[in-house]
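With chain A fixed as given, assemble chain B onto it according to the hints.
2 protein chains.
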Amino acid sequence: MNQETAKIPQATAKRLPLYYRFIKNLSSSGKQRVSSKELSEAVKVDSATIRRDFSYFGALGKKGYGYNVNYLLSFFRKTLDQDALTKVILIGVGNLGTAFLHYNFIKNNNTKIEMAFDVDPGKVGTDIGDVPVYSLDELEERLEGENIEVAILTVPATSAQNITDRLVSSDIKGVLNFTPARLSVPNHIRIHHIDLAVELQSLVYFLKHYTEEDTEMSQDESVTE
Amino acid sequence: MNQETAKIPQATAKRLPLYYRFIKNLSSSGKQRVSSKELSEAVKVDSATIRRDFSYFGALGKKGYGYNVNYLLSFFRKTLDQDALTKVILIGVGNLGTAFLHYNFIKNNNTKIEMAFDVDPGKVGTDIGDVPVYSLDELEERLEGENIEVAILTVPATSAQNITDRLVSSDIKGVLNFTPARLSVPNHIRIHHIDLAVELQSLVYFLKHYTEEDTEMSQDESVTE
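Sequences listed follow chains A and B, in order.
Heads up: the first sequence runs through residues -10 to 214, numbered per this note's numbering.
Heads up: the second sequence runs through residues -10 to 214, numbered per this note's numbering.
Only chain A is shown next, with the shape it has when bound in the complex:
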């Protein structure tokens, strides 16, 4: 763990991948500098938040100049460990899982779904989006010695806890949980939870209860903690 970046607040840390993607595009297009206003318009985060975020990692924009794109790019690449490939598995090849398998994560961040697992014999043995689909029965065996730490969970809620227990036993450290189930895990396991119904209900709630004056920005990242 890098002590320096470990001091970045979590809310800021969560915006890093977003900044990184945009800065990478800027750099590819040959741009040398960028203002917080331009960044704000592109990533839809208000510019005061951007300036505060960037100050945490020592990128202090100069008035009338903005930020140096290459400095930002190398900072983000290092901080987000873009030079090391992160291998991921996916459990549950339904519609949502299939959407993930077709999503080219490696293009914008150095993350690759290595294997997928399902219980459907019609899916086991196939390749989807170039990812092999194995039987869920083989989970432990396939993970053995692979040093994979992250799993995407797109199974029915009723199977989620049982599969999570098996993932934890197989040394998975982080789970991106797309099921409505709230998972119980040991403290050293990190769960990020994305609940589609909660996201939808939250949007509806905000439409009804918040006027534009109430919000810093009408565009908002997903949810909660």
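Read the hints as simulated data drawn from the structure, not as lab findings.
Treat the numbers as computed from the prediction; the structure is a model and nothing was measured.
Hints are not guaranteed to be accurate.
Any copy, or any two copies together, can satisfy a pair, since identical chains are not distinguished.
Pairs of lysine-lysine, PhoX-like flavour, derived with a Cα cap of 25 Å [said to hold, decoys possible]: (1) K67 / K112; (2) K52 / K13; (3) K112 / K101; (4) K76 / K197; (5) K67 / K197; (6) K101 / K162.
Positioned in the frame of chain A, the structure of chain B alone reads:
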């Protein structure tokens, strides 16, 4: 807009649907009261946060008793407008869109996908998850007079802005954006953005840079603002 609930901080407001779902289940199972500790274990939000959140809406738990389930349930039902059905449309019936159409939102929150739109002639005219799929060409015509304010956007990133412009012209007020595109909209339109690659990268980043002591809770909601 309800002035009373408009005072609730946004981070708290975003957790309401999560609390509501759990309280509803408790009530269905005949439970009369619940402690913040029980709530915390079930919804995976730390109990200090729960107590602070609940204090905003006047639900002050009693020591040794906890919260009254029926009081909470009626508060949440009213605040989340559960007695009024919210109609939603979905644009883009790919894998992710199809996952949404099969998701029974109405079961846990009073939200219903009324229509879906796609450009694929093989999908137009079919019903998926009991939702009719129309041609995207008919978007404006189908929305006319329907009083639908929310759209779920699950199209390729390259089409996202163009379709969003059409949605805004058709009086859509909120968009749940699942594309990587950052959308430009007038101030009165609310966008919630859920970017699958950013979620994945954010989880990987946290695994590498945060130990369990750094976090209030290892289980975390999705993202950012």
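**Request:** Could you tell me which of the hints above the structure violates, numbers in ascending order?
**Result:** 1
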